[in-house]
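Q: One letter stands for each residue in the lines below.
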Amino acid sequence: MATVKGREPDLGRRRRRETEHAAQHQMFLRGRPYEVIRAVRGALGELWSDKAGLFGVGVLVLLVLTAVFAPLLAPHDPAAQSLQNRLRPPFWSAEGGWDYPLGADGLGRDVLSRMIYGSRVSLIVGASVVLIAGTFGILMGLIAGYRGGRTDSIIMRVVDTQVAFPGLLLVLIILAAIGPSMTTIIVVLAINGWMVYARITRGVVLSVKEMPYVEAAEIVGCPSRRVVLRHILPNLASPLLTLAVLEFARIILAEAALSFLGVGIQPPQVSWGLMVAQGRDYLFNGWWIITWPGLAIAFTVLGVNLFASWLRVAADPQEREKRFARSATEMRQGSVT
Amino acid sequence: MGRFVVRRIAQGLLVVIGVTIMVFIFTRMVGDPAKTMLPLSASPEERAAFRHELGLDRPITEQFADYIGDLASGDFGTSLWQRRPAIDAVLHALPNTFQLVLLAIAIAVLLGVPLGVLAALRPGGALDRTAVVLSLAGLSIPQFWLGLLLIIAFSVTLNMLPTAGMGTPAHLVLPTLTLAFPALGRIAMIVRSSMIDELNQQYVKTAKAKGMPRARVVGFHALRNASIPALTLTGWELIRALAGYSVVVETVFAWPGVGFLADQALNNQDLILLQAIVFVVAVMVVVINVVIDVLYRAVDPRIKLV
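If you read the sequences in order, they're chains L and X. Here the first sequence is numbered in the working numbering, starting from 1 and rising by one per residue. Here the second sequence is numbered in the working numbering, starting from 1 and rising by one per residue.
Everything labelled a hint here was simulated from the structure, so no lab data went into it. From a predicted model like this one, the values you see are computed outputs, not experimental measurements. Cβ coordinates follow ideal geometry from the N, Cα and C atoms, glycine included. Hints should not be assumed to be uniformly reliable.
[Said to hold, decoys possible] According to the in silico footprint, chain L covers these stretches of chain X (three or more CB under 8 Å from chain L):
#1 12-20
#2 293-302
[To be verified] In silico negatives: residues of chain L with every beta carbon more than 12 Å from chain X:
#3 Asp50
#4 Gly58
#5 Leu83
#6 Val171
#7 Ala177
#8 Thr184
#9 Met211
#10 Arg230
#11 Val313
#12 Ala315
#13 Gln318
[Unchecked claim] Stretch-level coverage of chain L by chain X, calculated; a stretch enters the list once three of its residues show a Cβ under 8 Å from a Cβ in chain X:
#14 252-264
#15 282-292
#16 296-302
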């Protein structure tokens with residue numbers, strides 16, 4: 001049936017009682033270390049119960065480990081060519097073998113080793129862009145929201161103008177003009193992506209600015225820098241964290257597309273998108289060359305997205321409370337029926 | 001209404017100007033066209049001649065004034081690679097892109113909306129799970145890879161459809177599907193969540209209580225209100241398909257539209273052609289934005305146009 005919420009009129013009070021009850025239970029040990037341990041244990045427990053989120057974290061951990069230990073994990077040099085192993089199929093087919101587990105590409109390079117090294121590019125580009133665009137965007141959003149007036153309208157005009165023209169085209173022409181390299185990709189994608197952070201930051205700042213505790217801080221004479229950083233910024237942690245993770249996934253896709261089009265990572269460097277581009281000439285006799293790196297992109301992006309949707313709930317106290325109450329009511333209803 | 005449209009067009013003009021300025025800054029001030037557009041073997045004299053020809057040796061302010069003046073009078077320069085006015089090449093390719101993008105978005109809407117509605121009627125049911133999986137797949141699978149996989153499956157292995165180019169309706173199938181896939185998932189998800197919200201509203205209960213047929217309650221009353229976020233998203237998808245995804249999809253299938261043209265201009269280092277493409281697409285984006293804002297009003301009279 002289509003009824004989803006609001007079955008009983010006094011559910012709100014009961015939920016509140018149950019959450020308070022649960023909160024009291026957890027309060028037997030006080031002190032910083034216990035709080036940290038409890039928080040970590042709580043997060044891990046929640047993660048365990050959310051299998052999609054667990055998968056996301058698993059993918060992320062795997063990505064980081066692969067990128068860090070690439071030289072130890074890769075069976076071959078990612079650039080080493082070998083003519084007699086050209087277009088060698090994966091291990092399960094008759095001509096394949098365990099020395100080239102996922103096959104070799106058109107130049108006889110090991111696909112698995114190239115994928116392992118390719119993870120580095122995705123991670124570095126994704127993390128740097130999120131860091132640069134995030135820092136700049138948050139700063140702009142804080143300034144716009146807190147100062148208001150003229151500053152606000154100028155910054156938001158710039159944001160609106162840039163948001164109104166999305167997509168790769170602008171990025172393409174900039175990369176064509178400057179010339180592609182890892183640094184330029186990072187810079188250009190950061191220029192193309194700071195606006196979302198600014199928008200969200202500004203929104204939260206505007207809604208928090210009028211709160212009594214911010215006014216109180218201003219009245220007792222806090223310098224505005226302290227008000228912004230100590231009293232306003234913490235409210236942003238949850239939405240911004242989720243946004244940053246989602247943006248990370250988007251950047252990985254964007255880097256792959258740019259490298260595929262030839263304006264991203266340049267050979268001899270390796271990137272998943274570039275691998276797919278190089279495999280395009282072998283669609284008829286080497287399906288594995290494009291299949292594996294594509295799968296790597298898809299699973300990484302999927303994992304990061306699932307992690308983000310878990311994080312959205314886990315990092316937001318209000319969402320957590322809602323979810324706890326929901327599971328409590330479900331449990332009770334389950335025991336009654 | 002009239003004033004609103006004028007105002008929106010003025011705002012859109014700002015977007016076009018912003019894009020133009022950005023293109024100018026990056027192509028002329030940060031990058032060096034004489035370096036990017038000429039082959040590596042060009043001699044210093046040839047480079048100097050090239051600079052002079054394009055007016056790159058003059059002060060940057062003068063260049064900017066000229067640049068804006070040329071754009072305003074519709075002169076986008078001559079494409080060095082195609083040896084004809086850049087704008088002609090773009091306008092020649094534009095209808096092909098429209099054909100592809102409009103068809104893809106139409107498919108995404110025609111499949112995505114019913115899927116979202118059915119998913120909302122039974123949250124947690126089989127169709128709901130299909131919708132969620134589809135949208136997650138659309139979110140994660142890179143389009144260029146999906147296109148290549150479809151080519152391997154339907155062209156190489158099954159030998160059913162052409163790999164690239166245009167001409168017959170069969171040529172349209174794979175590019176349209178590739179372009180429609182991510183949009184379909186997103187549209188289904190947004191219809192689903194707003195339908196769930198609407199179905200819990202009082203007016204739905206009232207309509208049911210007075211004995212209105214279920215199909216009419218869902219399909220007319222609830223869907224109409226739920227279609228506003230879907231409309232926003234559809235416009236956004238249209239814009240993104242036009243200004244981004246089409247480049248990738250058209251390149252994969254060698255579909256002779258603006259995106260493929262951009263890819264080729266890129267390979268031939270033809271900045272002038274790229275500039276013209278970005279400008280034309282920016283104008284398209286602005287037009288779509290205005291049309292969508294006007295459509296809102298038609299769907300929901302509560303929305304005030306200011």
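Q: Which hint numbers does the structure go against, in order from smallest to largest?
A: 2, 6, 7, 8
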